[in-house]
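Colleague: Residue numbers (our numbering), protein chains in the order written: chain A, 743 to 1044; chain B, 743 to 1044; chain C, 743 to 1044.
For the record, the hints were derived by calculation from the structure and aren't laboratory data.
All the given hints hold, so there is nothing to weed out.
The list makes no distinction among identical chains, and a pair is therefore deemed to hold if it is satisfied within one copy or across any two copies.
In silico DMTMM-like pairs for lysine to aspartate or glutamate, Cα to Cα no more than 20 angstroms straight-line:
1) K1025 / D990
2) K1002 / E943
3) K1002 / D1015
4) K876 / D851
5) K984 / D966
6) K984 / D958
7) K876 / D990
8) K961 / E943
9) K1030 / D990
10) K984 / E943
11) K1002 / E872
12) K946 / E967
13) K984 / E967
14) K946 / E980
15) K984 / D794
16) K858 / D1015
17) K946 / D990
18) K1021 / D990
19) K1041 / D851
20) K1025 / D851
As the structure is a computational prediction, the values presented were derived from the model and not from experiment.
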Amino acid sequence: MASLLRRSAKFTSGLLSSLSVCTRNGRACALPYHQLNHRNSSTTSKIKVDLDSSTGVAVMTFQGPPVNSMSLDFLTEFAISMEKLELDKSCRGVILTSGLPKIFSAGLDITEMYGKGPEHAAVFWRAVQEMWLKLYGSNMVTIAAINGSSPAGGCLMALSCDYRIMADNPRYSIGLNETLLGIVAPFWFMDTMNNTIGNRETEKALQLGLLYSTSDALKAGLVDELVPEEKVLTTATEAMAKWLSIPDHSRQITKSMMRKQTIDKLSSNRETDVNYFVKFITKDSIQKSLGMYLAMLKKRKA
Amino acid sequence: MASLLRRSAKFTSGLLSSLSVCTRNGRACALPYHQLNHRNSSTTSKIKVDLDSSTGVAVMTFQGPPVNSMSLDFLTEFAISMEKLELDKSCRGVILTSGLPKIFSAGLDITEMYGKGPEHAAVFWRAVQEMWLKLYGSNMVTIAAINGSSPAGGCLMALSCDYRIMADNPRYSIGLNETLLGIVAPFWFMDTMNNTIGNRETEKALQLGLLYSTSDALKAGLVDELVPEEKVLTTATEAMAKWLSIPDHSRQITKSMMRKQTIDKLSSNRETDVNYFVKFITKDSIQKSLGMYLAMLKKRKA
Amino acid sequence: MASLLRRSAKFTSGLLSSLSVCTRNGRACALPYHQLNHRNSSTTSKIKVDLDSSTGVAVMTFQGPPVNSMSLDFLTEFAISMEKLELDKSCRGVILTSGLPKIFSAGLDITEMYGKGPEHAAVFWRAVQEMWLKLYGSNMVTIAAINGSSPAGGCLMALSCDYRIMADNPRYSIGLNETLLGIVAPFWFMDTMNNTIGNRETEKALQLGLLYSTSDALKAGLVDELVPEEKVLTTATEAMAKWLSIPDHSRQITKSMMRKQTIDKLSSNRETDVNYFVKFITKDSIQKSLGMYLAMLKKRKA
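Sequences and hints are given; from them, build the entire structure.
Modeller: Here you go:
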């Protein structure tokens, strides 16, 4: 797995060089972004990235059926895509959305945490950290166009953006529901939620594993706006224009000042956090909980 | 006073051993919990504890007329009861309520702080700390069924629970009103309120010594629910069932992560806090304020 | 500039001695406060101070046309006035308001930051710090009677008070809009806002440089009350009476406990903050932004 990450890193840096040449020429890239995303393995891309160089806005569409689970592949591709956009001077903002019906992202892929051993758990957890560090710490304006349910890691991703617009569909829900599965949202999930909805609401939400209805999510401040489903992306685009009307350098320094402490708490303790996670997730009792949950999911499908 | 505490501790540990034998046998205790509470002195129990082993829920009823003042006896009994329940594996949640009309608890017993000298003040303050540490740091689900007014220490007790249900009676109020008496809520009262209703509301509430009406308390987030007085306990029982549907270990780790920093701030500085309190409360000007307040209370009664 | 500050300091200390003699006699000062405020230079006073010794309430009226800009003179006079009132035992509360139409204060005087060189920038920034430290850390009750628009530094001043009453005029706005000008609100502006309206609202407000309408300001908690314009001052006076009904010593200790951490963060890092500001504001790009903004303002006037 370590070798996989190294391979990805090497591949990315190659991609990034060619990309940076491409934009240094001042021309828009002819090659669609998502084609660049294909790993040189046989796996299909789980994230489509479309950058409109005229507006400086990229749309990142999650397309990992059936529920945009954050597998190691998904997370690695996400981090690579974010890094490329971050380094691309023609890109100032990114909109995250789903290409699948009814779901934004179902969160961390539980099969990556079940029965895979401590080494895999560590590699996986570093990728989860990397996803959050890249997103929460992004210099770009980040907007979540939440066009489906968004539990656990999906909610974290939304919370890590600058602005959240959700489809006003009564069947959708959003929240950090980890306790329901017998696991625990790590401190940086907790901090991110705390920064968004405050300490009391977070305490209640995390202990109860609350999945908020869209209207409750709006009331609690978990999302900023509810709009009809077909308007989620256009509203996100309009909101992005408003955020991009602010001079980048002032906005970026301000954002960094607001988020630095929260980010430093993880980035200066990544391996401790990995070790804590690995020790927790490999416990027999936790593995048993996850196994039961997976069995329940399979049964539901059948 | 120190000897009293030692005596209590010894008595408790005896109680706890017999109790743990009793529950290890897997049978419900025949002996009602509140009978175990009687100290082997002539004082009557100020807190009745009923544990329903079938549900895992204990109801702790304050019964110290006239107003459930938190005297040294009350606080010691509270801490002992909490510790017993905490160690009793058949108990997963506790509901705090009052057996007296119109009052949940009037807060710290001022006669313990007036004219008793620094040694007594120190013993008393350690008991106040212990009450909070046991309650705010409890592994159990804690719900306040606030069926009466709840000023000062009574409010702190409610704020230290996981969930607060208050009787919707316009004559009841709740708040940390210490400044009105010329005293000051210590930093951990402040932190507990801050964690619940946020910094700005806390700043205003503490400076003005605000006693909130029930509807204002709901609006400010000081309580979670208002229900008709006769439904306070049943609503608390229903809420408890919801909280107990979450796996204990996930909920407990989450709760501890949320509250650890606030708890550590006191538990690593208890003696400094005791010294600060003793120095403050034994000041002539403060003693005079308390004396006037007590005289006013006596006059009101007559 | 350093000599100017020294001169002011000396002048003040003279003033303060005569003043303290005057009040020690237990008589109200015959000499109106604002006459004492005149610097022994030819500049006219920018702040009028009227202390009513019978109520213990001072009204500080900003009268620096056209928009009560916080120039170095304004800030120096403000700090001196605050210090005098703080030391005057007959004064327990101060109301800040504007004597000019439509504007509370337009915030920091940009001409003090444009084209003046690093030495002046440092002196100016120390005066901005001093204004905030004196106001946010005041032992007196401080109430902002916001009878006009209150952008940037004007908003900071309002946020640093204990209570905020704003004129309900749809043409007025309030907010920390620094990013709109291409600059950045420093960390203690951010902390002050965060303490008032919470982390999420602050993050959004600061990144977008939001200027809130009065109703949005009320909703966000940026102000505590909206009243018709002609009632701003009387409402402030009534609110002051309520705050002054609390024993000073309890209120002051409570206020200090709530604000100490935020204040210490700046007061223990003043020179670092000065250096950061000077380095930032003297950048070519920032100077260019400010120049453009000033040109735009001039054009608008013409």
